[in-house]
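Undergrad: Chains as they are written, first to last, in this note's numbering: chain X, 267 to 562; chain P, -1 to 193.
Rather than coming from a laboratory, the hints here were simulated on the basis of the structure.
Take these hints with a grain of salt, some might be off.
Stated by the list, open to error - Each computed DMTMM-like pair below joins lysine to aspartate or glutamate, with the alpha-carbon atoms no more than 25 Å apart:
#  : chain 1 : residue 1 : chain 2 : residue 2
1  : X       : K512      : X       : E360
2  : P       : K45       : X       : E443
3  : P       : K97       : X       : E443
4  : P       : K37       : X       : D436
5  : P       : K37       : X       : D418
6  : P       : K97       : X       : D323
7  : P       : K42       : X       : D423
8  : P       : K177      : P       : E188
9  : P       : K42       : X       : E443
10 : P       : K70       : X       : D323
11 : P       : K120      : P       : D137
12 : P       : K37       : X       : E360
13 : P       : K45       : X       : D436
14 : P       : K42       : X       : D436
15 : P       : K97       : X       : E360
16 : P       : K92       : X       : D418
17 : X       : K404      : P       : D35
18 : X       : K295      : P       : D35
19 : P       : K92       : X       : E443
20 : X       : K404      : X       : D418
21 : P       : K92       : X       : D323
22 : P       : K97       : P       : D82
23 : X       : K427      : P       : D35
24 : P       : K107      : X       : D323
25 : X       : K325      : P       : D35
Claimed, not checked - Sample of chain X residues with no beta-carbon within 12 Å of chain P, all distances over it, derived:
#  : residue
26 : D297
27 : Q298
28 : S306
29 : I309
30 : S319
31 : K409
32 : Y422
33 : E462
34 : K475
35 : P488
36 : E506
37 : A514
38 : L519
Virtual Cβ for every residue (Gly too), placed ideally from N, Cα, C.
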Amino acid sequence: MATVTTEGTVGLGLRRVSASKSPDQNIKKSDQLAILVDISSCIGCKGCEAACSQWHDLKPPLFAEEKVFTGYQSGPGLAPSLFMFMRFQEAETEKGLTWFITKYQCMHCSDPGCLKACPSPGAVIQYSNGIVDFDHSKCIGCKFCLSGCPFDVPRYDANNKPWKCNFCVDRVSAGLEPMCVKTCPTNALHFGTKEEMLIRANQLLQGLKKRGFDKAVIYDPPGVGGTGYIYLLPHGDKPEMYGLPKEASISPLISLWKGPVKLIGSVVLWGTLLGAFLQLILFGPIKVGKKHKKEE
Amino acid sequence: MELTRRSFLKVSGASIGTVLTGGLGFDLKPAMARVQDLKISNAKAVKSICPYCSVSCGVVIYSLTDGAMNVKPRVIHVEGNPDDPVNRGTLCPKGATLKDFINAPNRLKKPLYRPAGSKEWKEISWEEALDRIARLIKDTRDRTLIEKDEQGRIVNRMESMVWVEGSTIANEEGYLWVKMGVALGTVLRETQARI
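Generate coordinates for the entire structure from the input sequences, incorporating the hints supplied.
TA: Listed below in structure tokens is the structure:
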């Protein structure tokens, strides 16, 4: 199932396409969408996980007995048939034993590492509303998107095609909210434009600080240009306990590989071909026989 | 100008190189993306109530087919009913997976009856089951109805039976259920849908 196709003329505008120039030069401007995950309101019921699997018609792998026990989690982590999962960890903080709960899935970065790393034109696309999606009809299965991802999100099926959260782009473009947001019973998930979500996150942050969570932060890492999933972390000094990197950034190898190395590579490739061609038309083919005669 | 073999090769090589490096300035890639169709856009939406707990969340069940005689509708999605004041569109993980509950292969679709002393469950029809339930209710009532209390006042109460209503029973059905219980004379009336 390819979730999107870049063929056709109707639909969402594109902001970025992998291995291509900016497709529509950003003529169509849409609001950047975001989901705010208020960890302090989350009770860890995993309703979002269940609803996500239902909407996307997924049958996630069942917990296998011989695998490492993962506690309250549904499994050890993301899987090709599990686009999002709830992550649970326990640790001692100044507030006593604390349960760190995170909703974990693709973060929909504004500056996506997967899109930067992808060598296949059109396999990773970013819509004008900021949603990052994969087009399996264009994917070549090279797994570069995982190496570009700062959050370790894409998972590959037997055909090496990547799977991840697509922000329910089919629902969102039809005017509905993403499935996880709709189902959340404790109002821990909020959906709207990024601007609105940041305002709401700041209000909730003030409330959290009044309740004694001095180290609460809004997790919106600038290393990837901000994310489509904003988190309100009550224990903001320990984002790694939530399974989130402290400073998310795209591996410098990706920009090196896609920038200077690619340029040098193409110069060398085309230079060699051009040199061979010039050699042929200026001096003619090298005659091997003459050399042999000389040696005799 | 005379076109020699050498100059022809030079010109064609240069043109191929220009085209290959994209020098003409055309980009043949499409500028827009077409998003996958909404899978419930052609589905029939039916409002219902989640059967699991006493919260009784409202759900919308989406099924495919246009309802023609020769096809059986197929449930493809269940999600919360945003118009329901109880849950306003939200669902817990059990309610969110109602689609699998509806389509489960071992879901009970017919009443099962196990006679006293038997080890086997056997399938019976709804008519048979309802007749038997009605018969037993009537027999129990006839046997145990207390018409008068110790002081001789008419009470018409049946203490031998508990009258319990399920969580999926809505307001109007609940009213009828209570009326029925009162008519039978039950004293212990209860509903699972209490909050």
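Undergrad: Identify every previously stated hint that the structure contradicts and give their numbers, smallest first.
TA: 5, 7, 12, 15, 16, 29, 30
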